[in-house]
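Participant: Sequence:
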Amino acid sequence: MGSHDTQIEPAGLTERSGLLHPRAGDPARMEAYLPSPCVQNHAANITLLGNGDLATVWFGGTQEGIPDISVYFSRLGRFSGQWTKPVKLSDDPGRSEQNPVLFTTPKGELWLIWTAQVSGNQDTSLVRKRVSRDHGLTWGPIETLFEAPEGHGLFVRQPPVVLDDGAWLVPVFHCVSVPGAKWVGDRDVSAVRISTDEGQTWSEHVVPDSLGCVHMNVLKTKEGLVALYRSRWADFIYLSRSTDGRVWSAPEPTTLPNNNSSIQGTVLADGRIALVFNNSSFKDATDRRTGLYDDIEDDTPPVGEAEAAPAPTGRTAFWGAPRAPMTLALSADAGRTWPVLRDLETGDGYCMTNNSKDGLNREFSYPSITQTSDGQLQIAFTYYRRAIKHVRVAPEWAEAS
Numbered sequence: 001m002g003s004h005d006t007q008i009e010p011a012g013l014t015e016r017s018g019l020l021h022p023r024a025g026d027p028a029r030m031e032a033y034l035p036s037p038c039v040q041n042h043a044a045n046i047t048l049l050g051n052g053d054l055a056t057v058w059f060g061g062t063q064e065g066i067p068d069i070s071v072y073f074s075r076l077g078r079f080s081g082q083w084t085k086p087v088k089l090s091d092d093p094g095r096s097e098q099n100p101v102l103f104t105t106p107k108g109e110l111w112l113i114w115t116a117q118v119s120g121n122q123d124t125s126l127v128r129k130r131v132s133r134d135h136g137l138t139w140g141p142i143e144t145l146f147e148a149p150e151g152h153g154l155f156v157r158q159p160p161v162v163l164d165d166g167a168w169l170v171p172v173f174h175c176v177s178v179p180g181a182k183w184v185g186d187r188d189v190s191a192v193r194i195s196t197d198e199g200q201t202w203s204e205h206v207v208p209d210s211l212g213c214v215h216m217n218v219l220k221t222k223e224g225l226v227a228l229y230r231s232r233w234a235d236f237i238y239l240s241r242s243t244d245g246r247v248w249s250a251p252e253p254t255t256l257p258n259n260n261s262s263i264q265g266t267v268l269a270d271g272r273i274a275l276v277f278n279n280s281s282f283k284d285a286t287d288r289r290t291g292l293y294d295d296i297e298d299d300t301p302p303v304g305e306a307e308a309a310p311a312p313t314g315r316t317a318f319w320g321a322p323r324a325p326m327t328l329a330l331s332a333d334a335g336r337t338w339p340v341l342r343d344l345e346t347g348d349g350y351c352m353t354n355n356s357k358d359g360l361n362r363e364f365s366y367p368s369i370t371q372t373s374d375g376q377l378q379i380a381f382t383y384y385r386r387a388i389k390h391v392r393v394a395p396e397w398a399e400a401s
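If you're matching positions, the sequence shown starts at 1 in our numbering and goes up one per residue.
I should point out that these hints are in silico values taken from the structure, not numbers from a laboratory.
All figures in this text were calculated on a predicted structure; none of them were measured in a lab.
For every residue, glycine included, the Cβ atom is placed at its ideal position computed from N, Cα and C.
Careful, some of the hints might be misleading.
What the hints assert, rightly or not - Mimicking DSSO-like on lysine-lysine, the simulated pairs with C-alpha atoms at most 27 angstroms apart in a straight line are:
1) Lys88 <-> Lys357
2) Lys222 <-> Lys182
3) Lys357 <-> Lys182
4) Lys182 <-> Lys85
5) Lys222 <-> Lys107
6) Lys88 <-> Lys107
7) Lys107 <-> Lys182
8) Lys85 <-> Lys357
9) Lys222 <-> Lys129
10) Lys129 <-> Lys107
11) Lys129 <-> Lys85
Claimed, not checked - Just the calculated beta-carbon pair ranges, DEER-fashion:
12) Gly291 <-> Gly375: 24 to 32 angstroms
13) Glu198 <-> Lys357: 24 to 32 angstroms
14) Thr243 <-> Leu268: 17 to 25 angstroms
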């Protein structure tokens with residue numbers, strides 16, 4: 001399918017009813033398109049709530065970077081087969097609100113954490129939160145969790161982790177500004193924020209040599225803490241390790257490719273890591289974008305700044321690698337090898353635009369995964385930037401490929 005061919009809607013995408021149903025020809029797989037009133041839906045995170053329900057949050061609106069982008073929340077009751085009508089949980093008229101994650105604290109509070117940026121400028125982003133004490137039925141006021149550091153923005157994408165010593169760990173990444181130029185991700189680095197007083201105060205610990213490694217996904221494995229990273233260079237998924245959550249080894253490339261798009265893993269009950277990612281990289285690209293954002297109002301540099309922009313130095317972020325296929329992988333050795341892979345979705349993964357109203361984007365991206373007590377893998381991801389898709393399979397499904 002060419003980039004300007006007539007869009008053919010996949011079955012179920014238009015209605016987005018939220019109803020779980022078997023996939024045609026694959027009864028071991030259940031799936032649903034979550035309800036949404038939005039043209040664009042992206043960056044899902046799925047989690048199990050304290051009452052046994054599943055919940056998914058994502059951002060929706062007209063287009064990423066525009067201020068009508070807000071956070072939405074939907075639930076799948078533990079005895080239900082249909083996702084609920086989504087509830088809007090943020091609505092800042094001046095900022096694009098993105099990358100929501102959910103975190104159930106040891107005391108049972110449900111935290112919603114997300115980013116808020118000006119237009120397409122991730123180097124203006126700060127991090128906000130809301131707290132629910134009834135599993136997401138009602139929510140407290142919107143608060144600022146982390147201010148934007150001077151000269152750059154702060155972003156989240158992956159859920160917090162409670163360490164063995166009781167401390168809370170929030171993976172973050174710094175979107176660093178370049179004077180005279182728009183943010184494109186060339187200088188982003190990862191860090192963790194640690195709280196030993198249930199989120200009242202935080203200390204930061206930067207991951208060494210993490211330039212270009214973002215979306216840090218911290219997993220508690222049988223061999224200690226493992227972090228997996230998206231690569232701005234669109235080459236490989238990177239990995240680092242830690243024994244205490246504060247001091248991390250420098251990220252090193254794994255054998256799995258990355259296309260400068262998000263990934264997420266979870267540790268299964270049997271100790272294996274289940275990872276969902278795009279099995280592609282810059283090597284699969286036929287074209288390249290200059291940045292993530294396009295067609296955003298009021299998103300041009302002030303007069304004189306564009307002319308003063310410095311020439312790029314060092315490596316530059318690669319945008320435009322295909323966001324497909326969407327692949328499920330399993331590792332039994334804490335991320336060293338990934339012998340089991342099976343595609344959840346296949347296609348050309350065209351993502352040279354993030355404009356959803358014209359229906360050209362065909363990416364499968366930004367996956368999220370958790371395992372429920374019945375052993376099933378619950379996976380949510382972006383489908384064509386038009387919908388959030390939920391897929392439910394057993395780990396054995398991946399091994400049956």
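Participant: Go ahead and decide if the range 17 to 25 angstroms is satisfied by the Cβ distance of Thr243 to Leu268.
Facilitator: Holds - the Cβ-Cβ distance for Thr243 and Leu268, about 22 angstroms, lies within 17 to 25 angstroms.
Participant: Assess, step by step, whether the Cα of Lys357 is no farther than 27 angstroms from the Cα of Lys182, and give holds or violated.
Facilitator: 25 angstroms, holds
Participant: Can the restraint linking Lys129 and Lys107 be considered satisfied, given a maximum Cα separation of 27 angstroms?
Facilitator: Holds: Lys129 and Lys107 sit about 17 angstroms apart, inside 27 angstroms.
Participant: Compare the distance between the alpha carbons of Lys88 and Lys357 with 27 angstroms, and conclude whether the hinted pair is satisfied.
Facilitator: This hinted pair holds, its Cα atoms lying about 20 angstroms apart.
Participant: Using the Cβ atoms, figure out if Glu198 sits within 24 to 32 angstroms of Lys357.
Facilitator: Violated, at about 43 angstroms.
Participant: Does Lys182 lie within 27 angstroms of Lys107 when you go C-alpha to C-alpha?
Facilitator: Cα-Cα ~42 angstroms, so violated.
Participant: Has the given pair, Lys222 with Lys107, been kept, meaning a C-alpha gap of at most 27 angstroms?
Facilitator: Answer holds: Lys222 to Lys107 is near 24 angstroms, not above 27 angstroms.
Participant: Given the hinted pair Lys222 and Lys182, is their Cα-Cα distance within 27 angstroms?
Facilitator: 42 angstroms, violated
Participant: Between Gly291 and Gly375, does the beta-carbon spacing fit 24 to 32 angstroms?
Facilitator: 41 angstroms, violated
Participant: For the pair supplied as a hint, Lys88 and Lys107, is the alpha-carbon distance within the 27 angstroms limit?
Facilitator: 25 angstroms, holds
Participant: Are the Cα positions of Lys182 and Lys85 separated by 27 angstroms at most?
Facilitator: 37 angstroms, violated
Participant: Against the 27 angstroms threshold, does the CA-CA distance of Lys222 and Lys129 hold or violate the hint?
Facilitator: Distance of about 31 angstroms is beyond 27 angstroms: violated.
In this structure, the hints that do not hold are numbers 2, 4, 7, 9, 12 and 13, in rising order.
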